[in-house]
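Given chain A, put chain B in place with the hints provided.
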Amino acid sequence: MTLVLPLPAPLRRWWRSVTSGGSPAVRRTAGDGPPAINELYQTRRLSLVRLAVLMVDDLPTAEDIVQDVFAALYRRHGADLRTVDDPHAYLTTGVMNAARSALRRRRSARAYVPPRPGRAPAAEDEALLSEGDREVLDALATLTARQRQVVVLRYWSELSEQEIADVLRVSRGTVKSTASRALTILRGLLGERR
Amino acid sequence: MSTDVEDRLRRALRARAGQITADRLQPAVPPTATAVPRSWRRWWVPLVVAAALAAVFFAVRPDGTLPRPVPNPPAVPVPSEPPAPVEPSPAPPKITATMPRATTASSAPTPSQTTLRPRRPPATVDGGPEPAPGTTSTGRPDGAAPAPTPGR
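Sequences listed follow chains A and B, in order.
As numbered in the working numbering, the first sequence has no gaps in its residue numbers, which increase by one up to the final residue, 214.
As numbered in the working numbering, the second sequence has no gaps in its residue numbers, which increase by one up to the final residue, 179.
Read the hints as simulated data drawn from the structure, not as lab findings.
Check the hints yourself; a few may be wrong.
Here are some chain B residues pointing at chain A (derived, C-beta under 8 Å) [claimed, not checked]:
id, residue
1, R38
2, A42
3, A44
4, R51
5, Q53
6, T61
Keeping only pairs whose Cα atoms sit at most 20 Å apart, straight-line, the calculated SDA-like set for lysine to any residue is [unchecked claim]:
id, chain 1, residue 1, chain 2, residue 2
7, A, K196, A, Q182
8, A, K196, A, L179
9, A, K196, A, L163
10, A, K196, B, D31
11, A, K196, A, S180
12, A, K196, B, E33
13, A, K196, B, V32
14, A, K196, B, A44
15, A, K196, B, R37
Bear in mind the structure is a predicted one, so any value in this text is a computation, not a measurement.
Where is the CB? At the ideal position from N, CA and C, for every residue including glycine.
With the rest of the complex left out, here is chain B:
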């Protein structure tokens, strides 16, 4: 029974397929005459891929971190109010005028300067320009008066 069905299947399929002959088909049109290959299949595609990979490689640090953006320094130092001194602080032009005198004072240290040496300069606390090492400035946080300049 099973063999009979299989034989009948083979005969019927062969007969149906035999009806299709070459002269019944439409004129042959080769695929190269109709289809268009993909436009991206070109020699430059691997180059573009390699360039993209190189860009990614150089953009990422070897440790896997992205390059840290450089912070922009403030264009103009923001003036801040100095801490309230014991004595009223002079006007800013006077501060610049006293700077050379403070430098000269460092050459002849006074006892007050010796005790205050480990302290941080107030200019950095206030955000102003940092004085040169060994120099002093007005507006100390402890309210100490500036070292008296020897009257020379």
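Only chain A is shown next, with the shape it has when bound in the complex:
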């Protein structure tokens, strides 16, 4: 006989994560393949690093962010990811939150210490970008972290307003107003420089 308790969804997920015992590194998704999280790591790492680079500008920080998000996912849900409803959304949200925190820390530090030379974009990156692209990216760096999140998710990830709201855990109206303000700022900056 199975005892069925009417538990709320977060409690059920927690209970499943607790009861999913065994060695997570040994558990496999199907048959003898690698663990699900390692497969996800191989397939999503590059795109997530690109997403993080668009947020924080430099590659080492972006790689650290992505690695930390995967590590947090593994610590919380194990290797098989059975308890995660949408691992892709989880990773995107994690990268966005970590990038936003990194931007905030960086801006707080800039208020007290001058920026380090190592934080500047690599020379090869600068050389490969056109003048117009560099202008846009410089203007993007003046936005707030939240505005930058919305712009990147909308114009690079091509997410809808509702999808952005789900990823950032805000309302759709917040996404709409934030995008509008960001475009107004960008329009002003790019219009003045043209």
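Okay, now just chain B, sitting in the frame of chain A:
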């Protein structure tokens, strides 16, 4: 104008993201090789939770009250001074010595005992040992003398 800014945004973001290629990334380290899962995610955790819930369930009465602690009886009856009798009360050894006689007196009730029957035995008032039903003792609160034992 707005479309132009949005197009420029898309182009710039695509160009910047395109600079990041797989060969520029550090060697991949799978999360299972670096991170350690939480140590408490084991099969025995639900058992511990169930045991704790069972302990709480049995510790609390069904009516929601905690079990009442059993009061400890006094190890030694505290001797208390008997109420001042009309006549000086005998010493405690004499009290124990008179108890059998009082028992025998109950078999032949006297008028004084009949009138004093509803009264509470003084032994309980004083905190001393309670006499058996139908028995009398010395030291009555009303100062009545003990029933005279028939001289048999």
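Point to revise | Hints that the structure is at odds with (numbers, increasing) | key: 14
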